[in-house]
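Asker: Protein chains in written order, with the numbering used here: chain A, 1 to 62; chain B, 1 to 315.
Worth flagging that the hints you see were computed from the coordinates, not collected in a lab. We put the CB at the ideal spot given by N, CA and C, even for glycine. Treat the hints with care, as some may be off.
As the list claims (entries may be wrong) - DSSO-like mimics (lysine-lysine), calculated; alpha carbons at most 30 angstroms apart, straight line:
no., chain 1, residue 1, chain 2, residue 2
1, B, K311, A, K2
2, B, K221, A, K2
3, B, K250, B, K307
4, B, K313, B, K221
5, B, K250, A, K2
6, B, K281, B, K250
As the list claims (entries may be wrong) - Okay, the calculated beta carbon distance ranges per label pair:
no., chain 1, residue 1, chain 2, residue 2, range
7, A, G14, B, S163, 50 to 60 angstroms
8, B, P132, A, V26, 33 to 43 angstroms
9, B, R79, A, V29, 17 to 27 angstroms
10, B, F252, A, R13, 43 to 53 angstroms
11, A, R13, B, F124, 44 to 54 angstroms
12, A, V29, B, P132, 26 to 36 angstroms
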Amino acid sequence: MKRFINGLIRLRRGPWEMVASILIAVGVVMLMQPFALWAYSWSFLVTLTGTVMFLITSHFPE
Amino acid sequence: MPETAMDRAASATPPGIARRVRGLSDRAIAWLFVAPTIFLLLAINIFPLIWTIRLSFTNFRANRPNADVEWVGLRNYQRILSDPEIWQTMQATAHFLFWTLFFQVLIGFALAWLINAKFRSSNFWTTVIVLPMMLSPAVVGNFWTFLYQPQIGLFNYVVAFVSGADPTSFSMIGDVPLAPWAIVIVDTWMWTPFVMLICLAGLRSIPESIYEAAECDRASKWRQFWTITVPMVLPFLMLAVLFRGIENFKMFDLVVQLTGGGPGSTTELTSINLKREAFEKWRTGYASAYAVILFVTVFGLASIYVKALNKVKER
Chain A
1 MKRFINGLIR
11 LRRGPWEMVA
21 SILIAVGVVM
31 LMQPFALWAY
41 SWSFLVTLTG
51 TVMFLITSHF
61 PE
Chain B
1 MPETAMDRAA
11 SATPPGIARR
21 VRGLSDRAIA
31 WLFVAPTIFL
41 LLAINIFPLI
51 WTIRLSFTNF
61 RANRPNADVE
71 WVGLRNYQRI
81 LSDPEIWQTM
91 QATAHFLFWT
101 LFFQVLIGFA
111 LAWLINAKFR
121 SSNFWTTVIV
131 LPMMLSPAVV
141 GNFWTFLYQP
151 QIGLFNYVVA
161 FVSGADPTSF
171 SMIGDVPLAP
181 WAIVIVDTWM
191 WTPFVMLICL
201 AGLRSIPESI
211 YEAAECDRAS
221 KWRQFWTITV
231 PMVLPFLMLA
241 VLFRGIENFK
251 MFDLVVQLTG
261 GGPGSTTELT
271 SINLKREAFE
281 KWRTGYASAY
291 AVILFVTVFG
301 LASIYVKALN
311 KVKER
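Pulled out of the complex, with its shape left as it was, chain B reads as follows:
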């Protein structure tokens, strides 16, 4: 009888360990394997979460670890939820989140649709389109800062060429009305390929036979698109929106490189504001309450989104 992988593993186990393991039940051995992961999860995720919730009810400052810590109850939450400046950062985040998701889904799906048509050199174009996603956000932020320069930036010259406006008359990252759009453009440029790839996977998973059956039933291309393509790609699209939504809710590096939250606090997203409270002003208790508010928001949204995703997959 040929030796199986299990036999080989059994013979390779040192006799001392083999003797000890032999007395354990299957359930105990399963726990033995899962225990390191559970321990890491508790140490890295659960414990910091509970600690953050505890700190959110205190006036603890991480730069004064030996100072007396006072229990302040819900005061941190009250101050955050009545602060117009934090309200402003929530609105900036909402603007960023909504428009990046809107453009990324629209352009990503359109690109996937085109690439799926399998024209000549489509593989080459897929690689070219995917390139921005592979760059570091720090690099992307830096070179878009140059592209947005009013004096030498290519972006201003392209806009001037199309619209006829003076290229030095506007600054994408310096003007208050334009700065929120500047970060939307860069994030869309960088992450649309991700949405495109997920949509492409969805489009390629649709069996050709369904379209052939629709052709036999004399369904128009428009009808095929809305009754076959869209419903079958929808779970993939929703997954892409979930990933990008959570990522963009905590967007930090790209925006810090591009605008640093400015001009003023126009592009100061919640994550940037939170970092300032926690590591520049050192109000750890206050920042913890802020983090708990953001956590509950993302957790709640992700819960209903996963439920919706499961419903779509069941159809």
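So here's chain A without its partners, still in its complex pose:
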């Protein structure tokens, strides 16, 4: 966990890609879940944030 947070602080690719991947996955689940309309409404914003973050962080150093 400490390594992960250190990676985030030092702008390393691995942990940031992980955060972006989690955001994308959560966004897709929110988009397709049948339980809460509010989650569906916010899903695109979460997925878009994750996708843009993924595009940027994949250029970070290893």
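Please build the complex by placing chain B on the supplied structure of chain A, with the hints as guidance.
Answerer: What follows is chain B alone, placed relative to chain A:
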């Protein structure tokens, strides 16, 4: 000294062109070759994408090209993301996507495992299994519509024979609870062979020597399966899931032929809904916003999936 292919190409080049090319650097010549592809990519992929994003912020209607176009900001996105009907189509797509992938991976891998055992006439059975994949989705949709007919359909009679129910008591494409499963069954029937072929390629790429070494170490068949077969086939399987996942996310033709999105909108997947918004209601701006939402979703999913695939391949 024998004449090489490069010499032959050089002598075949007309003198005028040769004179002009001779003055170019290697880098310039490389760009010259790549330029047509880049131009096509920009014209066919990038420009329409940017244009779609631009249209998604307007109220443009393609059937009224001369009408004034108003900039509506994020209104199209707000309406899509608060519409319970579109939410319903997202759920129908999720159901279709999850179950088709689940069954295709399960059955495809099992079939590949059996075919890889190399029994007598295994080549014949491979051809038979692969046949559905070669048919047109329109043809498959049409003949499964007949198979699903409650009065004359073979499917209902087989289910009735197994379960003892009356064959006319249910309609696979007419009953609300059954229709989503009807499209899952047909897609699984059609595309399981594709997954099987990819898994078969993975299974056949595993060197026999690894199994022999495992036998020497007295590893059981069960252990060999989980520690050799599954990890070595996993990249292939993930590739198959990526291809089928993206294909099924934009599934259109098969479902339109089978159910047309019905009964009601039970099997109306996002691509069918999008087509209705764009080319039946002619709400081009709204449909563009819808397409952008789907694009970002597929792009995001594909990104993390490719990352996972690369990690598995590195192992």
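Asker: The structure should be examined with respect to each hint, and the outcome stated for every one.
Answerer: For each hint, the structure was consulted:
1. For the given pair, K311 (chain B) sits about 22 angstroms from K2 (chain A) by alpha-carbon distance, which is consistent with the 30 angstroms threshold.
2. Under the criterion of a C-alpha separation no larger than 30 angstroms, the hint pairing K221 (chain B) with K2 (chain A) is inconsistent with the structure, at around 41 angstroms.
3. Between K250 (chain B) and K307 (chain B), the direct Cα distance comes to roughly 22 angstroms. Compliance with the 30 angstroms bound is thereby established for this hinted pair.
4. Between the alpha carbons of K313 (chain B) and K221 (chain B) the distance comes to roughly 24 angstroms, so the proposed pair stays at or under 30 angstroms and holds.
5. Between K250 (chain B) and K2 (chain A) the CA atoms are separated by roughly 41 angstroms; this puts the pair beyond 30 angstroms, and the hint is violated.
6. Restraint check for K281 (chain B) and K250 (chain B): the C-alpha separation of about 20 angstroms stays at or below 30 angstroms, so the hint holds.
7. For the pair G14 (chain A) and S163 (chain B), the beta carbons lie near 52 angstroms from each other, so the given range of 50 to 60 angstroms is met.
8. Taking the beta carbon of each, P132 (chain B) and V26 (chain A) are about 36 angstroms apart, inside 33 to 43 angstroms as hinted.
9. Checked against the hint of 17 to 27 angstroms, the pair R79 (chain B) and V29 (chain A) passes, with Cβ atoms roughly 22 angstroms apart.
10. Take F252 (chain B) and R13 (chain A): their Cβ atoms lie about 37 angstroms apart, and the range 43 to 53 angstroms is violated.
11. Roughly 50 angstroms separates the CB atoms of R13 (chain A) and F124 (chain B), a value that falls within the hinted 44 to 54 angstroms.
12. The hinted window of 26 to 36 angstroms between V29 (chain A) and P132 (chain B) holds, with their beta carbons roughly 32 angstroms apart.
In the structure shown, a violation is registered for the earlier hints numbered 2, 5, 10, in ascending order.
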